[in-house]
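*Asks:* Build out the structure end to end from the sequences listed, making use of the hints.
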Amino acid sequence: MSFHDLSLNKKQHNLQISIEKKNIEIKSKNNDFKNIVFLMFLYFLQGIPIGLTASLPYILSSRNVSYFYQATFSLASWPFAMKLLWAPIVDSVFIERIGRRKSWLVPIQYLIGIFMIIFADYVHEMIENNKIFSSYDIYILTSIFFMFTFLAATQDIAVDGWGLTILSKEKASWASICNNAGSTSGVLIGNSLFLILESEDFCNRYIRPIFGLPAQEYGLVDLREFMHFFGVVFIVSTTLILFFKQEKNNYKDESLESNLSISETFGLLTKIVKLEPVQQLLLILFTCKIAFATSSIRTLKMIEVGVPKETLGLINGYFQFIQILTPIFAGKLYDLSKPLEAFYKIYSIRILITIFLVLWVYVTPEFRTANNEYPYYYFLLYIALNSLYFLIFSAMALFKTAFFTHISDKNIGGTYMTLLNTIANIGVHWPTTLSLYLIDVLSIKHCVFEKMPNISSYSAVRKRFFNDFVKNIHENTCSTEFEQKNCHGYGAKCAFRIDAFYLLSIICSLIGVFWLFKFKKIISYLQSLSKQEWRITELKKNQIIIK
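Heads up: the sequence shown begins at 1035 in my numbering, then just goes up one per residue.
A portion of the hints provided could be inaccurate.
Stated by the list, open to error - Ranges of calculated distance between the beta carbons of each label pair, as one might list FRET restraints:
no.	residue 1	residue 2	range
1	Tyr1396	Asn1214	32 to 38 angstroms
2	Phe1300	Asn1214	54 to 60 angstroms
3	Leu1419	Ser1297	48 to 54 angstroms
4	Ile1123	Leu1476	39 to 45 angstroms
5	Ser1564	Met1116	29 to 35 angstroms
6	Ser1558	Leu1476	32 to 38 angstroms
As the list claims (entries may be wrong) - Pairs of lysine-lysine residues, derived as DSSO-like cross-links and limited to a Cα-Cα distance of at most 30 angstroms, are as follows:
no.	residue 1	residue 2
7	Lys1372	Lys1308
8	Lys1305	Lys1068
9	Lys1552	Lys1434
10	Lys1305	Lys1372
If you are wondering where the hints come from, they were derived from the structure by calculation, not from laboratory data.
Every residue, glycine too, gets a C-beta built ideally from N, C-alpha and C.
*Replies:* Take a look at the structure:
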């Protein structure tokens, strides 16, 4: 063979290799695109039960459910804050033949779908037909949605883990984008869109006229239909995943923490918590949200005075988008090299805005028109004021996450971040649940008629009977379930004589001011520490050693 032939063969060989590499790159890009869509869909599914759980307090408030019962139902959202307790089990126990993540994803999503279908009729009948909710009703309702949130939190653990391996290294950062976009979309559908479609008034005013449909005494979708539909979506999509989506069993090549046993993972968490800087940071995370404990109650107070729940749900959807967009701009406006100090600086601004929003709730009834509606400018003012609040809220969340990323031991970053986020989430939930209980306990209520009948034409006997009847009503303090049922049975309603919401909001704001002074030096100290002070591992001869 001549030299020319050898040279030609070499060029053809190199060209073939180049084409093969190009084909692999194209295939990898196609796979990444498909996997990004797949991940986003999984996070979207996760957001449905979470959004639905978040919509229930709005519906319960419109049914005049007490704050004690609202506090009880708020426990249904706790599993997401507590998932660290069973995350090591999800990461460590699996069936190799099925796949590390599919071993949990498939049965969990089947359970969500099946339970949605099973409980749809029961939950619908309980909410739609109950004028008065008993403690038994609330405990059952809380248990059902606690289960949904628990299953969604477990699905989140599995999907987070799959997101680490399903994408190429070049697209690994897209996992967090899929999480944010997918779960937010699911929450919007399960919360805002559901409240809109469920509302008789909103559908008759804005949706049915568009399609030339007559007004009805019900919305386009009720709770039963919504749960049935998404129950089927969960079951069908999970079946497709089971048979058509393969999982790469590359768990042996994953990070150190991915291959730890359950006991080793909890041992690692114990070592992290023993670090003095971590203990101080956990105290900050556990207490910093006391100042804003009544924030989520503001919406319930507005529904209480007649602001439509579906309108507030729609506005809440707009605020969700603000939370997505804020990190893009906040990263440019603030110095992220010192995120904890940036968090501290805007903390006082959030307290100030919180006080203004409490005043807004107080003056809300003054905006109500003669026909018990609220004008458009009321909602525009509310959106403007609350937009500022959510900008600060989202910026604080960004700074918190940036600091977590900065200090986390990179060799065990997943475990480290999960611990910090868990305590941060608990720090959000416990003040809210406690404040709901306290509002119910500290408030003084009484039973009142919304509109007193004209008794001028009554006979003397009937007037005396009616006056005794009114006296019994006024002596009813609505402090027990029995008295509440009696009050509603008389055609009256329980109203606040003294509303502890405002008192508690002031107390929480003062605690926030005290917090600012108490933790100023600690925050500066934690920000000044080197990364080495936060580590429990070190790299020796290319091996990760736990100190």
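*Asks:* Against this structure, judge whether each hint is valid.
*Replies:* Taking the hints in turn, this is what the structure says about them:
1. Tyr1396 / Asn1214: 32 to 38 angstroms: Given about 34 angstroms between the Cβ atoms, the range holds.
2. Phe1300 / Asn1214: 54 to 60 angstroms: Hint violated: Cβ distance 29 angstroms, outside 54 to 60 angstroms.
3. Leu1419 / Ser1297: 48 to 54 angstroms: 50 angstroms Cβ-Cβ, so the 48 to 54 angstroms window holds.
4. Ile1123 / Leu1476: 39 to 45 angstroms: 40 angstroms, holds
5. Ser1564 / Met1116: 29 to 35 angstroms: 32 angstroms, holds
6. Ser1558 / Leu1476: 32 to 38 angstroms: 36 angstroms, holds
7. Lys1372 / Lys1308: This hinted pair holds, its Cα atoms lying about 24 angstroms apart.
8. Lys1305 / Lys1068: 39 angstroms, violated
9. Lys1552 / Lys1434: 19 angstroms, holds
10. Lys1305 / Lys1372: Distance of about 26 angstroms is within 30 angstroms: holds.
Hint compliance for this structure: hints 2, 8 are not met, and every other hint is.
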